[in-house]
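Q: Could you use the hints to bring the two separately framed chains together as a complex?
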Amino acid sequence: MLGYVIRRLAIAIPTLLLLIVLSFVLMHLAPGGPFTQERALPPQVLANLNAKYGLDDPLWRQIWNYVHGVVVHFDFGPSFVYPDRTVNQLIADGFPVTLTYGSLAFLAAVTVGVALGTLAAVRHNGWLDYLAVGVSIGAQVLPNFVMAPILVLVFTLWLRLLPGGGWSFSDPSFWIMPVVALSTSYMASIARITRSSMLEVLGSDHVRTARAKGMPEHRVVLHHALRPAMLPVISYLGPVFVSMITGSVVIDIYFSTGGIGKAFVDSALNRDYAVMMGITILVGALTILFNLLVDILYAWIDPKIRY
Amino acid sequence: MVIDPRKMQSLAARMAGDEVPGRSPWADARRRFRRNKAAMTGLAVLALVALFALSGNLFARWSHEELDFSVMGQVATAGQPSLANGHYFGTDDLGRDLFARTVQGTRISLLVGIVGAGIAVVAGTLFGAIAGYSGGRTDQVMMRTVDILMSIPYMFVLILLLVMFGRSMTMLFLGIGLISWLDMARIVRGQTLSLKNREFIEAARVIGVPAWRIIGRHIVPNLLGVVAVYATLLVPLMILTESFISFLGLGVQEPLTSWGALIAEGAGTMGYGTLWQLAFPLFFFVVTMFGFFFVGDGLRDALDPKDR
Numbered sequence: 001m002l003g004y005v006i007r008r009l010a011i012a013i014p015t016l017l018l019l020i021v022l023s024f025v026l027m028h029l030a031p032g033g034p035f036t037q038e039r040a041l042p043p044q045v046l047a048n049l050n051a052k053y054g055l056d057d058p059l060w061r062q063i064w065n066y067v068h069g070v071v072v073h074f075d076f077g078p079s080f081v082y083p084d085r086t087v088n089q090l091i092a093d094g095f096p097v098t099l100t101y102g103s104l105a106f107l108a109a110v111t112v113g114v115a116l117g118t119l120a121a122v123r124h125n126g127w128l129d130y131l132a133v134g135v136s137i138g139a140q141v142l143p144n145f146v147m148a149p150i151l152v153l154v155f156t157l158w159l160r161l162l163p164g165g166g167w168s169f170s171d172p173s174f175w176i177m178p179v180v181a182l183s184t185s186y187m188a189s190i191a192r193i194t195r196s197s198m199l200e201v202l203g204s205d206h207v208r209t210a211r212a213k214g215m216p217e218h219r220v221v222l223h224h225a226l227r228p229a230m231l232p233v234i235s236y237l238g239p240v241f242v243s244m245i246t247g248s249v250v251i252d253i254y255f256s257t258g259g260i261g262k263a264f265v266d267s268a269l270n271r272d273y274a275v276m277m278g279i280t281i282l283v284g285a286l287t288i289l290f291n292l293l294v295d296i297l298y299a300w301i302d303p304k305i306r307y
Numbered sequence: 001m002v003i004d005p006r007k008m009q010s011l012a013a014r015m016a017g018d019e020v021p022g023r024s025p026w027a028d029a030r031r032r033f034r035r036n037k038a039a040m041t042g043l044a045v046l047a048l049v050a051l052f053a054l055s056g057n058l059f060a061r062w063s064h065e066e067l068d069f070s071v072m073g074q075v076a077t078a079g080q081p082s083l084a085n086g087h088y089f090g091t092d093d094l095g096r097d098l099f100a101r102t103v104q105g106t107r108i109s110l111l112v113g114i115v116g117a118g119i120a121v122v123a124g125t126l127f128g129a130i131a132g133y134s135g136g137r138t139d140q141v142m143m144r145t146v147d148i149l150m151s152i153p154y155m156f157v158l159i160l161l162l163v164m165f166g167r168s169m170t171m172l173f174l175g176i177g178l179i180s181w182l183d184m185a186r187i188v189r190g191q192t193l194s195l196k197n198r199e200f201i202e203a204a205r206v207i208g209v210p211a212w213r214i215i216g217r218h219i220v221p222n223l224l225g226v227v228a229v230y231a232t233l234l235v236p237l238m239i240l241t242e243s244f245i246s247f248l249g250l251g252v253q254e255p256l257t258s259w260g261a262l263i264a265e266g267a268g269t270m271g272y273g274t275l276w277q278l279a280f281p282l283f284f285f286v287v288t289m290f291g292f293f294f295v296g297d298g299l300r301d302a303l304d305p306k307d308r
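If you read the sequences in order, they're chains F and Z.
In this text, residue positions in the first sequence follow the UniProt record's numbering: the first is 1, and each later residue adds one.
In this text, residue positions in the second sequence follow the UniProt record's numbering: the first is 1, and each later residue adds one.
Isolated chain Z (complex conformation) (with noise of 0.2 Å):
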């Protein structure tokens, strides 16, 4: 028997140092969803995404509201992408560069998904909680208010009120975060329903705690995993939104462009043998959607406590 009397120290010094920490349930699922190879993958490619947002004008030659002179006219030939005249993506019909409009279009799109499923969170955590705790006639209200609004179509009064009151960020936020929290106030409201009659709800109740302090304090930190794994399933569906919006010419205005606006030019124009204006906001459309649905599954997957 031969004991390394240096690893024996080194194990007792460590056995001496602090207690082993437990493993929080946090812990387990930031674990969990670290082994999950397609929701890493997913992540990096968003963090990819997000990156080139955040930095791509710094690349680009051209500001995205610029025509380029030279190529006019004849966008299919002289406007293909090549990094000679610093239009990495080529030009769109009018030669403005692809290249520095694609980063635009990404922040607007990245920005409309993530302040529409913001207000959805905030707005429909509130809202389920609320009524879930509230229970009785508030919730019967509460809900039943849910359930006319949710069988109104809501693409037609968006598109209503982009036509209305004129077509601005503003009203694009309104109209989508009007509509978001709908579904996210159904599900946080269940759960709150399941949590509320647990013993540490009913222990601060004796307490003596205010409603609205148990909310805050003990059934929204409880409901924020669901929520969490239901706002990065809004998120592309917000951008979806949007793109659909913009595809209809009711979205953003230009000079600013997003992806739903940059695809439809695509579209409108491919005949013309200029692919590239179909091509690049369309990948980074599509990757990014996978890049959401990836993290959704494997948020879900990490944080679902049926699971363990």
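The shape of chain F in the complex, shown without the other chains (with noise of 0.2 Å):
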């Protein structure tokens, strides 16, 4: 188990080295740059800038300062549109943000829709079951961006519940809606795989052999049956996981809560490159090391699995 987990690490270290390199030959491909503007500077003053963040270095000399910063400094570099901030406190503002209506919208996503796939399965075929499959079915096809618009239509046009926008630490009510839209899609198709997944479990030999026993049905579904029932779930966790943060762009757009995904697209469309690859690079590893939790999880929840 150590060692695979440290020769999943191992293969990281390439892939965050190969996403660096790919940024930076992008970068040096792409017509204009950060100091390119309408009015064009004079060029002593543009070899003084490009001189000053480096930029006039050759390629692999680039590559290797930022490589040495992020690996002994922790340091992403400065801001190149924004002179007096650096890429790490751009991160440090939006990322908590971010984190937290994220890792809610993946909690709701995994609670409600484990828990509405496995009624949906222990009630199989009854009203109920119908109920959850079409709901899921339904939300299945409301991604983020086109929840995000009906949420703000009815809670905020309509009943006038709801801001509109905004982000506040303190009040949940701004954390509602971008919540519920991210989630929506993902909490669906966890419902739709969790019921699939626990029919098949429900009707193997060791839950008739714990009815046979006489053991009461609940006992029956979450203790014998919900573990072998999760795994396909967890398999999918890591997609999800990647959409929360992805999603961010669009609901840090469409609500203003200012997270990293606003971070990016602005940086995007600023040519900040800085900023652009140190996002690209935190989503990157934060994406490796939550695939390789949920491996760890899958080894732990089923004992067949070894590595």
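Using C-beta positions, here's what the derived DEER-type ranges look like:
(1) Z:GLY208 - F:ARG211: 53 to 59 Å
(2) Z:VAL122 - F:SER196: 29 to 35 Å
(3) F:PRO96 - Z:VAL122: 41 to 47 Å
(4) Z:VAL122 - F:THR209: 46 to 52 Å
No wet-lab data here; the hints were simulated from the structure.
Predicted model, so just to flag it, every value in this text is computed and none were measured.
Built from N, CA and C at the ideal position, the CB exists for glycine as well.
A: The structure is reproduced here in structure tokens:
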């Protein structure tokens, strides 16, 4: 197990390096730079700016300096567009917000999805089952950028219950719509996955044995069926986690929540290379880490798996 | 015992005719698919949406880039959906006909979905089949590459590509195609591994068929079921990706449009009471998503050999 974790982390390093090199090469190839403006800067000023940010160095040296800064000082460099800000500051501003609504949405999707799917499977072919299946099919075609305007329309414009945008760590009414918009379609997918795998497990031998021993049904479901039924759900958690972060791009723009999604799109439009790269690398690292956690969880739940 | 001689004769004639044709697995699958009501409904809905995309312009009285100056500035009242002035779906906030724009958006979205899935099918199938069939070190290297590419946050890279190289259809296709084949490659490789030790492949190898021909003639045709199922599930995924990008304003450029761009516009203006701008594109988007999901599910049920 430990060996497996170390091997996985060893793969993560070339992945992140590849990401860095890829971004640098892209930037190098792309026409225009962070200092390209409508009115061209005098050549001397441009040369000085490029020299200050090291953009006149050869490509390999730029990459080396960047990697060195990140690894040794955990420093993602200065922002090219906002001279008084560093990338670390920008990330530190936005990331807590994204993390808050992202993890809430993740929890909501998993708990509600699993509960709904389990209920549907236990009441197979009952009205509860049909209701759950209907709701989850309906919700699956409502991705975050479709849910967001619908929620605002209903809860802000018609019912006037919730604020239509903005963010406050102390007032949970700002959290509701981002969390719901972000989680709905994944909640639906998780419910469908749980339902079908639960149905399969409930028909298996060990469940029949447990029932034959006279175990109460809720214990059968919760103790004996839920654990194996979770396996397909767990392998779906990686993609869900990634979508929570990429979804923040839409959430931040639509609800003006000010997370890293907003910082990323702004930096992309301003060609603020350092910020773009810092966020891309952060997201890449988080993705790798989370996928590793998912695999460990998988092995913990399914004792048949050996690494 | 009364036997109708005419019936006997017709029976005899039929029996004397061609031998009873056997049922191929594909015919079986077709039959199972036809019996699945949800899937057939989905297929019908998709056919209608495709028809709308292809022939909608015949009914449009306005082009998708024409401004109607008589509704401009008073879109909330004069721009409502109406049969009288030819704006069946109303107009957008610039006075452009929403019907024509929805037709245009449907075309682009379907095109992106189908081309994106097409790239994934071709690239993913070839990559996966070659990796799976070769095995050994080649397989290791190829699949590690896929692993590494998969842990790149692709939406961010796609946004980077579009921002740096300018928004264009080519870039969009390239960016979407770049990432869409990874899952397909994994699935195909898994299937190939289980195929390649079967007797008919062994037989082909024994009589000296070269590897590329075995892959092309024997492996790939046997993968088509899985590939078809996954491809139908990929199309809505591609449409979603494009809509997501267009929602952010990074997708296709005006005067072209797509569902995502239309939904974004509608969402931006719904505060002024012009709900139809959101409702019509959203309707087509949701209906198409439903259609593809149901057809995909139906295909999976029909083609899954475990389910016989």
